[in-house]
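**Q** Could you slot chain G with the ligand onto chain L? The hints should help.
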Amino acid sequence: MNQIRRRLARKASEFFKDWSVPRQLSGQSAVAEAARSSLSEHQRPRLEEADRIGTSICPFCAVGCAQLVYAKHGKPIHIEGDPRSPVNQGTLCPKGAGTLGMMLSELRVPEVLYRAPHSSAWEKRPLDWAMARIAALVKQTRDETIVDRLADGTPVRHTLGIASLGGATLDNEENYLIKKLLGGGLGVVSIENQARI
Amino acid sequence: MALWDLANSDCITVMGSNMAENHPVAFRFVTEAQARGATVIHVDPRFTRTSALAEIHAPIRSGTDIAFLGGIIHYLLVNDLWFRDFALAYTNLAAIVEEGYLDPEENDGVFSGLLADRGIYKHDTWQYEGQISAAASAENFEQTTEAFEGGVARDARNPPPTDPTLQHPRCVYQIMRRHFGRYTPEMVEHVTGCPQATFLKVCDALARNSGRERTGAFCYAVGWTHHSYGVQIIRAASIIQALLGNIGRPGGGVLALRGHCSIQGSTDIPTLYNMLPTYMPQPNAMTQHGSLADYLKAQTVPTGWWNNLPKYMISLLKAWYGEAAQPDKGFAYDLLPKLTGDHSQLPTTLAMVDGVVKGQFVFGQNPVVGNTNSELVERGLANLEWLVVRDFAMTETASFWKKGRLVRRGELAPDKIGTEIFFLPSAMAAEKEGTLTNTTRLVQWHDKVCDAPGDCRSDLWFVYHLGRRLKQLYADSEAPEDAPIRALTWDYPTNGDLSEPDAAAVLREINGYTVAERRQISGFLELKDDGSTACGGWMYSGVFPSADENRARSRKPDRPGSFTHHRGWAFSWPDNRRVLYNRASADPEGEPWSERKRLVWWDAKSGKWTGLDTPDFIRDKAPDMRPNWEENPIGSEALGGADPFIMEPDGKCLLFVPSGLKDGPLPTYYEPVESPVGNPLYKQQSNPAVKLWRHSANGLHEVGDPRFPYVFTTYRLTELHCGGIATRAMPHTAELQPEAFIEVSPELAREIGLNNLDWAVLSTARGEIEAKALVTERLRPFHISGRYVHQVGMPWVYGWEGYTRGDTANVLLAIFGDPNTSIHTTKALTCDLRRGRLYGTRARL
Ligand code: SF4
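Going line by line, the protein sequences match chains L and G. Read in order, the letters of the first sequence correspond to residues 1 to 197 in my numbering. Read in order, the letters of the second sequence correspond to residues 198 to 1042 in my numbering.
Just chain L, same shape as in the assembly:
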């Protein structure tokens, strides 16, 4: 019993010696000696674990704040403002600062979902199947609705049967290919994005 009590007393005294608050009260500096503890001695910066660091741009508003993305085994572990950027000089607003939370969100859907006509549920489907099915539907709709000339002979070579919406959250290269394929290749004219909203 006594042994246990002694051991507890020793632990308590070690704990109090290691705990920052009593040491600060006894005059040690909160930003120097008192900031160290046996725990802190063994801590390493989390970012040390990153095996890849790259530059990214905040995916929200058009201010274009630059970010540094730290990744480990292909997964992001930390995102912060890039201090070199003349736009944000390392700062981010609550949205930009939360980017990691978006990438790792539990609400993220990592698989293809398919809802058949009149069905009341989503089904998981292979990506390749979905791509083939979408390509077939696009061709079918386009072939049904393409107009080569108006009744008076004016050439239009377009379809009003397919529409595309979105682009302002995508890369420039992605926008370029959407306009090129859907507009230049398939004759879709209603290609629109958030610029009007």
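No wet-lab data here; the hints were simulated from the structure. It is possible that part of the hints are untrue.
Below, a list of computed lysine-lysine pairs in the DSSO-like style, where the Cα atoms sit at most 27 Å apart [what the hints assert, rightly or not]:
1. G:K668 to G:K526
2. G:K508 to G:K805
3. L:K139 to G:K508
4. G:K725 to G:K600
5. L:K124 to G:K805
6. G:K725 to G:K494
7. G:K508 to G:K725
8. L:K124 to G:K613
9. G:K600 to G:K319
10. G:K319 to G:K526
11. G:K805 to L:K139
12. G:K526 to G:K494
13. L:K124 to G:K599
14. G:K805 to G:K526
15. G:K753 to G:K725
**A** Same frame as chain L, now just chain G with the ligand:
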């Protein structure tokens, strides 16, 4: 202007934006300017954090911006407080307008040329005397040339007639004095509800911070564009800035604060119906666009930079159709689809409801939340044969068939909805590489740092592989209508196990290359109209000037103590110029207006323009060069060395716009389409050219309809971004803004017996929604026409998916558009508000 250039400003007016909350990091340059002594002004219906940080907050009733800005123009003109040396030299203030021109002052509130039954204007009487001025190419929308009947005449062979003494009764200066004559401080107070004293404080601050030594800036966001006269609001600010000499100069400008990370890029390289990459018009069957020759004839302006259009258009056709684009075949121009009307998002929504549209792609957008009249959007989606939604988490647009308002209300059921729906998960910025263009044209590359989970793929992957499959499906077709997809160049290299297409290869194509050697071109000056060059977007030319030099990836900011506009940090189009029209930062002789405000100047020794930014001017065109009209100069030769506005046909800043605007050459105050009051300025109540699409589920409220007595306005929040699901599925931001709310002034709350945190119901002819009330002095009633007008506000960012949920404000809004842009109105409509809940519509979302 560049974002960081705001720090050089002496007076910053934020209007139509809550910049501190919605563009927080850009706002740091406003506070920096303030720390250096600048005056910050916030003109806004609400008192927000932006107002709290401003020296002056001027409250105005939602939608009355043109009355306020017109009042400033009036004040500057009658008190002679404009920057004469600048405005006289660089604007069309002295130009003389046609005799047939009638101003709203003398024509019952509308301009001459209105075809009232069609709601469009003919522009003939808005021209300079004896001339027909061509609109800069990008502004030639379908009705513009139609209104000219026969197309814009191409025979301008003289500069516009002018009267530099400004005495001619039909010179732009005199027309403006008459046009804005009744926009007095009394009238401003009467229309906007802003006290005269506050309004005059704003005018005084603007006037004091103008001239050689001082500059001011305006910052705006969708608080200006989301109106039935949004373009004219921005025009009004541009007129003020041109009169005060605040364009092309350090700390001067009109800064658009745009919403999405690539909204600028997706406008430049447009996923928009009416344009081809970098502001060339999409061919239109209703105009003389039948062949390439017709198109170029109709669209190539004789004078100004846009005269280069044929080089850019033919290079685009080479980039898209490669071998098929041969000179004897009109460079395959006939493979491009032609427009037959307005195919923008608003009429397309109605076309979905009407069954014209059968299949739709949705890329990272969420129209059920973001589009006006959400229930109509749901009806449209339910009427599709197929729908492909690409996003990173479930969106309202993808799940409308299960959880939508119409389904919850029992009007629709999943078994009645035949739409075949695909949800394809997308990769995000750090999981793919490519460029995003920020709101100041800064094209910034982002790296791929990590791998996207599961089946998440970049949109580049999706579009590339869809295109590959379609090319296979069409490979054997000989039908002429299938020629475009067969001819389309589509050979992008792919990398890795996932066959990810190489984004750099796409950016190289956008930059442009020589066809024979496939050598990257260094900039748009190398583009030719003979088919020897290919270029996917001429304004971006220079971003990838050699095979391994990606300037969007450059990360070399200026060193502390030196300032050359951070030209080593990424790339800004065009030609890495950071401030557009920066020739105007020097006086007509080429000297900086002052030492304090120097930016670009003429160096006589080297015979070149030089300075702290890349000159937005022909490098060796001397300030005293004048066009020789005897020789019929074309293109840039027709612009002199003191004409900084190189994209305009006459090199001048257009205060009065002869061609290119669909609703008038000068901004004119009209009431919003839905308003509780009549127009105090004119007999004409609302914009006569507004785009209306009648539909039984899209009813509009009459002026002063007693059933809908309050002004309704919407906005977003620092933490929750637009209609996209992103921030609602992001734990931190969702926790910070846990549910939807309606902002109500204490006065209105008292009037209808509403307490803070009570449930309340908002209603319009389009629908009803509920949310908790936040009773706050941030909203105040306005005293208009002898009575109080109440305003109600609500963030529009909510839906039924994500961690943070609530009713979608866009249920209340209607589908109608600005005449120039087809942009919807979200800032000023009318509504009713009552205490209580919507019976039976939902227990929980
Ligand atoms: S961090 Fe905030 S201000 Fe910066 S780009 Fe992202 S959303 Fe915009």
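**Q** Indicate, hint by hint, whether the structure satisfies it.
**A** Hints, one by one, checked against the model:
Using a Cα cut-off of 27 Å, the hinted pair G:K668 and G:K526 holds, with the two alpha carbons roughly 22 Å apart. Taken as a hint, the G:K508 and G:K805 pair is honoured in the structure, with Cα atoms around 25 Å apart against an allowance of 27 Å. Annotation: proposed proximity of L:K139 to G:K508 is violated, straight-line Cα distance about 33 Å (limit 27 Å). For the hint linking G:K725 to G:K600, the alpha-carbon distance of about 54 Å lies beyond 27 Å, and the restraint is violated.
Distance hint between L:K124 and G:K805 is unfulfilled; the C-alpha atoms sit about 64 Å from each other, more than 27 Å. With a C-alpha separation of about 17 Å, the suggested pairing of G:K725 with G:K494 holds against the 27 Å cut-off. The hinted pair formed by G:K508 and G:K725 meets the criterion: a straight-line CA distance of about 5 Å does not exceed 27 Å. For the suggested pair L:K124 and G:K613, the alpha carbons sit about 22 Å apart, so the restraint of at most 27 Å is met.
Under the criterion of a C-alpha separation no larger than 27 Å, the hint pairing G:K600 with G:K319 is inconsistent with the structure, at around 47 Å. For a cut-off of 27 Å, the pair hint linking G:K319 to G:K526 is broken: about 35 Å separates their Cα positions. Of the supplied pair hints, the one linking G:K805 and L:K139 is violated, its CA atoms being roughly 55 Å apart against a limit of 27 Å. At roughly 17 Å between alpha-carbon atoms, G:K526 and G:K494 fall within 27 Å of each other, so this suggested pair holds.
At most 27 Å may separate the alpha-carbon atoms for a hinted pair to count; L:K124 and G:K599 meet this at roughly 16 Å. For the hint linking G:K805 to G:K526, the alpha-carbon distance of about 41 Å lies beyond 27 Å, and the restraint is violated. Straight-line distance between C-alpha atoms of G:K753 and G:K725 comes to about 32 Å, which puts the hinted pair past the 27 Å bound.
Going down the numbered hints, you'll see the structure goes against 3, 4, 5, 9, 10, 11, 14 and 15, while the others check out.
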